[in-house]
Amino acid sequence: MRKHTTRPKLPTITWTNKKCRQSPVTPINLILLSLFAILVYLRLKPSTPATLPRAPPPTVFRTFTPPELFPYNGLNGMPVYLAVRGRVFDVTSGRNFYGPGGPYANFAGRDASRGLACGSFDEDMLTKDLDGPLDTLQDLGAEQMEAMKGWEERFEEKYLVVGKLVAVESKDTEEAKAKQ
Numbered sequence: 001m002r003k004h005t006t007r008p009k010l011p012t013i014t015w016t017n018k019k020c021r022q023s024p025v026t027p028i029n030l031i032l033l034s035l036f037a038i039l040v041y042l043r044l045k046p047s048t049p050a051t052l053p054r055a056p057p058p059t060v061f062r063t064f065t066p067p068e069l070f071p072y073n074g075l076n077g078m079p080v081y082l083a084v085r086g087r088v089f090d091v092t093s094g095r096n097f098y099g100p101g102g103p104y105a106n107f108a109g110r111d112a113s114r115g116l117a118c119g120s121f122d123e124d125m126l127t128k129d130l131d132g133p134l135d136t137l138q139d140l141g142a143e144q145m146e147a148m149k150g151w152e153e154r155f156e157e158k159y160l161v162v163g164k165l166v167a168v169e170s171k172d173t174e175e176a177k178a179k180q
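The sequence shown lines up with residues 1 to 180 when you count with UniProt numbering.
If you are wondering where the hints come from, they were derived from the structure by calculation, not from laboratory data.
Note that the coordinates shown come from a computational prediction; the quantities given were computed from them, not determined experimentally.
Simulated restraints on C-beta separations:
#	residue 1	residue 2	range
1	Glu156	Arg62	15 to 21 Å
2	Gly150	Ile38	51 to 57 Å
3	Glu156	Thr51	28 to 34 Å
4	Ala167	Ala50	42 to 48 Å
5	Gly150	Leu35	50 to 56 Å
C-beta atoms are modelled at their ideal positions from N, C-alpha and C, and glycine is treated no differently.
All chains, full assembly: derive it from the sequences and hints.
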């Protein structure tokens, strides 16, 4: 017969083992450390390079008449311009306000001086005859003129001045003088 020998028992490591509980290197700690490392990496990794917006085409300061300004209303891919006190502003970057469907859309491609001064967005605030004389705004009160100047200052801060607005007859006179 064979003699049955018992092997010495090796200590088993269990969660209840005191040494295992005291060690900082436990499976749960390794998992948490790995998750933390992944989160730090994702947070600090360089993002894909941002594509810079295409530079707008250069704008040449020019003289507009009301009929020449009218097409600049944001339709058909055109930029959005509006005039205040004879100065034409490129408000294309504010297309959601001044472009088609925006709250100030009726001012696009037009002289917005009277409407801004009166705080009215009605169509009757706009010059009806584009070939007629410009609105002189002489009937506006001091408070309305101040409101219009405030709007003009806001436009100066935010938007580029791309031209000046003149009456049709004055541009015709200027062109005739230039030809002589």
